[in-house]
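*Asks:* Here the protein sequences line up with chains A and B, keeping their order. Note that numbering that gives the first Met the number 0 gives residue 81 to position 82 of the first sequence, counting from 1, and the numbers run on in steps of one. Note that numbering that gives the first Met the number 0 gives residue 144 to position 145 of the second sequence, counting from 1, and the numbers run on in steps of one.
Hints in this document: simulated from the structure, not taken from any laboratory. Even for Gly, the Cβ is constructed at its ideal location relative to N, Cα and C. Among the hints, erroneous ones may be present.
[To be verified] Cβ-to-Cβ under 7 Å is the rule here; a few derived chain A residues that face chain B:
1. 193
2. 201
3. 204
4. 209
5. 218
6. 226
[Said to hold, decoys possible] Listing some non-contacts, in silico: residues in chain A with all C-beta distances to chain B over 12 Å:
7. 107
8. 115
9. 127
10. 153
11. 217
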Amino acid sequence: MEITTRALRQLADDVDDQHREAMATVHEDLREVHFGETSRVLARSRRRFLRDAGLGGAVLTLGSTLVPMARLMPAAWAQETLSDGDLAAFAESVELAAVEAYSAAIDTGLLDGGVVDVAEIFRRHHSEHADAFGAVASDAATGEANQAVLDVFAPQIGEAADQDALLQIAQDLENGAAATYYFSLGVLQDRDAALAAATVLPIESQHAVVLGQALGQDLEEYVPTFQGQEGALSPREYPVNG
Amino acid sequence: MNYSRDEVRRQLRASRADQAAALGPWRDALARLFAADRRSSGGPGTSAAAKAHLLGVPSRRGFLKIGGATVLGAAVLAACSDDGETDVAESGLPADATTTTADPADVEFDLDLLRTATSLEILAVSTYQTAIDSGLVTNPDVAQAAVLFRDQHDDHAGALQQATTDAGGTPFEEANTFLQDNVVTPALDGLTDEDSVVRLALDLETAAAETYAWAAGELSTTTLRQAIMGIGGVEARHQAVLRGFLDEDQVPVAFLPVDDRVPEEAFVGADGGSGAGADGGDAGGDTTTTTAGGSSTTTTAGGGSTTTTVGGSTTTTAG
Chain A
0 MEITTRALRQ
10 LADDVDDQHR
20 EAMATVHEDL
30 REVHFGETSR
40 VLARSRRRFL
50 RDAGLGGAVL
60 TLGSTLVPMA
70 RLMPAAWAQE
80 TLSDGDLAAF
90 AESVELAAVE
100 AYSAAIDTGL
110 LDGGVVDVAE
120 IFRRHHSEHA
130 DAFGAVASDA
140 ATGEANQAVL
150 DVFAPQIGEA
160 ADQDALLQIA
170 QDLENGAAAT
180 YYFSLGVLQD
190 RDAALAAATV
200 LPIESQHAVV
210 LGQALGQDLE
220 EYVPTFQGQE
230 GALSPREYPV
240 NG
Chain B
0 MNYSRDEVRR
10 QLRASRADQA
20 AALGPWRDAL
30 ARLFAADRRS
40 SGGPGTSAAA
50 KAHLLGVPSR
60 RGFLKIGGAT
70 VLGAAVLAAC
80 SDDGETDVAE
90 SGLPADATTT
100 TADPADVEFD
110 LDLLRTATSL
120 EILAVSTYQT
130 AIDSGLVTNP
140 DVAQAAVLFR
150 DQHDDHAGAL
160 QQATTDAGGT
170 PFEEANTFLQ
180 DNVVTPALDG
190 LTDEDSVVRL
200 ALDLETAAAE
210 TYAWAAGELS
220 TTTLRQAIMG
230 IGGVEARHQA
240 VLRGFLDEDQ
250 VPVAFLPVDD
260 RVPEEAFVGA
270 DGGSGAGADG
280 GDAGGDTTTT
290 TAGGSSTTTT
300 AGGGSTTTTV
310 GGSTTTTAG
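Isolated chain A (complex conformation) (with noise of 0.2 Å):
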């Protein structure tokens, strides 16, 4: 299934439209969720986000890159407590980063007219992302990219030898963010919390279709019957102050 470059514009400009109007208030319902009134559930212990048992040795293919399974599964959360700040900090820096990559993607002159629309809308929506998490994180949030992200990103866009694989690397990028939302749901004990996520993992999955479609795959490749965990970012693997 392909999508022509002039439909992949118009589709971007929708995007970037109704994004705009839905983002109008997410900076105070983010905060309300993380800060208002529900703020002190959320502020008990987080084991449950860094638990898990390890993978060993597996590996997983992140772009060109093999990457060790332990740094990308969850399992590996560490034995340690992420407080709400945290855990919107660490989600601000993958978001941070997904901007740098996508403005890496487009830097590279690689990507044609169409393709650069939709990678500017969808860092944008990255960088949007970045500032609400940003405010729900407060005093905790660092406004800086995730330098353990990008050293597994950076070198995939720098190698990459045309606009397929730039585009691979950013569907590999919603991918793993889905994923990672998708576990935060196993982990997040306050419902509004959970709420915030669920609301958020739906988008991240939808943009993996549009690169998916434009990537041509199959209709399966980009539509799994469940979302899963694999490619789930851990907060102890990739540090927020990398």
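Using the hints, position chain B against chain A.
*Replies:* Coordinates of chain B only, in the frame set by chain A:
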């Protein structure tokens, strides 16, 4: 003075939770009964419900919400709750789709949501099959998607039925009657071309995706929340694909709304009935349920007609 149905339901849930707290020994017994096949590292004595009893605070489900405010006395309970490990199976659903919460009110509502989700999946399977058989789908890409999505919804239904069993309930095996009668059947009668078929599919996918996202904020265990979004995320992908067929923006918002979730009339209760009937029925008179975005509205006149809007489609049925 008018009361919204949502507010009434909130108050009913709070009352149920308060009742459960007052009936401590009964609740503990029921908790053990409902949690008989659940994994709990500390056993029933360390469940969230048991801790709630010991601490003298409501369970997590019992957070009393009044006018949007949340009474947070039970934060202590939440902090003490120790959910089990997440164990994701090949199916995509956690192998043990429950954790330690054993409050009967929680379990009851969880089962309502699981049954409702199952009924949506079964309805989607039958609707896609009808679309495939209609002869209106001519684009090979659309046909391929319809077959794949039908099969995936069938898998989702199976997973949800298993989760229902794991949670101590009886798996639901029928399509959602309310949506079938008020949305799908009227729409099927009006299908004229491929776009109308895709539009109907998109309406159902939207209702499912947004219902599941909303449910993720309602289910009482982290495992069930994760499980429902293991499916909800896929429904969102379906949405994106279908929107593409309609030349619509495939990712129209940055955060999935929950405005188009199914109306409460579509909820499937323990008796297999839906919505208000599961809770004893409406008190009578006209009732209107309007979600925040205004895009999912159900108006039921006292003994009269029912008008339902789901995913932008509006239907009216005689009472």
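*Asks:* Look at each hint and say if it fits the structure.
*Replies:* Hints versus structure:
Checking residue 193 (chain A) against chain B by beta carbon gives a least distance of about 5 Å; that is within 7 Å, so the hint holds. Hint on residue 201 (chain A) holds. Least Cβ distance to chain B is approximately 3 Å, under the 7 Å limit. At about 5 Å, the closest approach between the beta carbon of residue 204 (chain A) and any beta carbon in chain B falls short of 7 Å, and the interface hint on this residue holds. Interface hint at residue 209 (chain A): satisfied, since its Cβ lies 5 Å from the closest Cβ of chain B, which is below the 7 Å cut-off.
At its closest, the beta carbon of residue 218 (chain A) sits 6 Å from a beta carbon of chain B; the interface hint therefore holds under the 7 Å criterion. For the restraint placing residue 226 (chain A) at the interface with chain B, the shortest Cβ-Cβ distance is roughly 4 Å, inside the 7 Å limit, so the hint holds. Taking the minimum C-beta to C-beta distance to chain B, about 24 Å, the non-interface status of residue 107 (chain A) holds against the 12 Å cut. Listed as outside the interface, residue 115 (chain A) is consistent with that label: its C-beta sits roughly 17 Å from the nearest C-beta of chain B, beyond the 12 Å cut-off.
Its closest Cβ contact with chain B, about 7 Å, brings residue 127 (chain A) to no more than 12 Å, contrary to its assignment away from the interface. Annotated as non-interface, residue 153 (chain A) keeps its C-beta farther than 12 Å from every C-beta of chain B; the closest such distance is 25 Å. Distance to chain B contradicts residue 217 (chain A) as a non-interface residue, since its nearest Cβ pair spans about 9 Å, not more than 12 Å.
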